[in-house]
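Protein chains: 2
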Amino acid sequence: MAYRVKIIAVGRIKQRFYKEAINEYLKRLKPFCKVLVNEVEEVGDPLKEGDNIFRAIRGDCSFIALDEKGRLLSSLDFSKELESIFLHGREPVFVLGGVKGLSEEVKRKAIDVWSLSRLTFTHELARLILVEQIYRAFKVMRGEPYHY
Amino acid sequence: MAYRVKIIAVGRIKQRFYKEAINEYLKRLKPFCKVLVNEVEEVGDPLKEGDNIFRAIRGDCSFIALDEKGRLLSSLDFSKELESIFLHGREPVFVLGGVKGLSEEVKRKAIDVWSLSRLTFTHELARLILVEQIYRAFKVMRGEPYHY
Numbered sequence: 001m002a003y004r005v006k007i008i009a010v011g012r013i014k015q016r017f018y019k020e021a022i023n024e025y026l027k028r029l030k031p032f033c034k035v036l037v038n039e040v041e042e043v044g045d046p047l048k049e050g051d052n053i054f055r056a057i058r059g060d061c062s063f064i065a066l067d068e069k070g071r072l073l074s075s076l077d078f079s080k081e082l083e084s085i086f087l088h089g090r091e092p093v094f095v096l097g098g099v100k101g102l103s104e105e106v107k108r109k110a111i112d113v114w115s116l117s118r119l120t121f122t123h124e125l126a127r128l129i130l131v132e133q134i135y136r137a138f139k140v141m142r143g144e145p146y147h148y
Numbered sequence: 001m002a003y004r005v006k007i008i009a010v011g012r013i014k015q016r017f018y019k020e021a022i023n024e025y026l027k028r029l030k031p032f033c034k035v036l037v038n039e040v041e042e043v044g045d046p047l048k049e050g051d052n053i054f055r056a057i058r059g060d061c062s063f064i065a066l067d068e069k070g071r072l073l074s075s076l077d078f079s080k081e082l083e084s085i086f087l088h089g090r091e092p093v094f095v096l097g098g099v100k101g102l103s104e105e106v107k108r109k110a111i112d113v114w115s116l117s118r119l120t121f122t123h124e125l126a127r128l129i130l131v132e133q134i135y136r137a138f139k140v141m142r143g144e145p146y147h148y
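Protein chains in written order, with this note's numbering: chain V, 1 to 148; chain P, 1 to 148.
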């Protein structure tokens, strides 16, 4: 089992219940894939945060930016897209912005911009939704039931 | 302060971190409005759950059903819609389905069907997102900052 998923996120998870919730999904994901979470410092300026994001991305030039105005996917689409990335021998890299979102440059350099919802979420809730959807995606790929 | 929001939800919140997260937003909402949460039993059959939902709704004939295929709103739209309901002297009533979603009858009888996302969520995560958005809506209505 060599699947890996990378999440580059601006800002830390501060609220205890969000930490526990996110860790629960990361734990459930362990049999399926290794999830690397790389937190970059939140400075409140998407431009400066962008520089740190690019440093964290390094060689992974094909990353997916998450932005509320991006492409809306169903959970099934999300799963199929992940599967397709794995089938091409690549690793999905997700980039999640901070309080003020991602810079235009980050969105422009992403291979795709996906939206979790048209609603605005705190970055903590967005990270929880992302890990829950990655877990759901693996359950779908493996044809396992998941009581959604 | 007489604002009230009602949530009729199929199923209980079992995971502790979801309970804590939802309670945190309900607590933050206290200065703004009274949120009544009415949980109806999850039986795994949307038709039967629908009967219980209609019993719980009683006189509140103008409820909003939540369904992933419904109308996608931004957080600003969400806030404006809530404000408009209050301006008309009414109380927003949200209906959230269980594992298998809501019956066609519930969706047909709703005054509107809203979608939190095209993604599928567990009913626990959906409830968390709903209360977070209600909290966000009040912050927007009052012109207060909210570090999203």
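Be a bit skeptical, because a hint or two may be false.
Identical chains share a label here; the pair holds if one copy fits it or two copies do between them.
As the list claims (entries may be wrong) - No more than 35 Å apart at the CA atoms, straight line, and that leaves these computed lysine-lysine pairs for DSBU-like:
| # | residue 1 | residue 2 |
| --- | --- | --- |
| 1 | 69 | 14 |
| 2 | 109 | 14 |
| 3 | 109 | 48 |
| 4 | 100 | 34 |
| 5 | 34 | 80 |
| 6 | 30 | 80 |
| 7 | 14 | 107 |
| 8 | 109 | 69 |
| 9 | 6 | 100 |
| 10 | 80 | 14 |
| 11 | 107 | 6 |
| 12 | 100 | 48 |
None of these hints come from the bench; they were simulated from the model.
Nothing here was measured: the structure is a model prediction, and the numbers come from that model.
inquiry  = When the structure is checked against the list of hints, which entries are broken? Sort them ascending.
reply    = none
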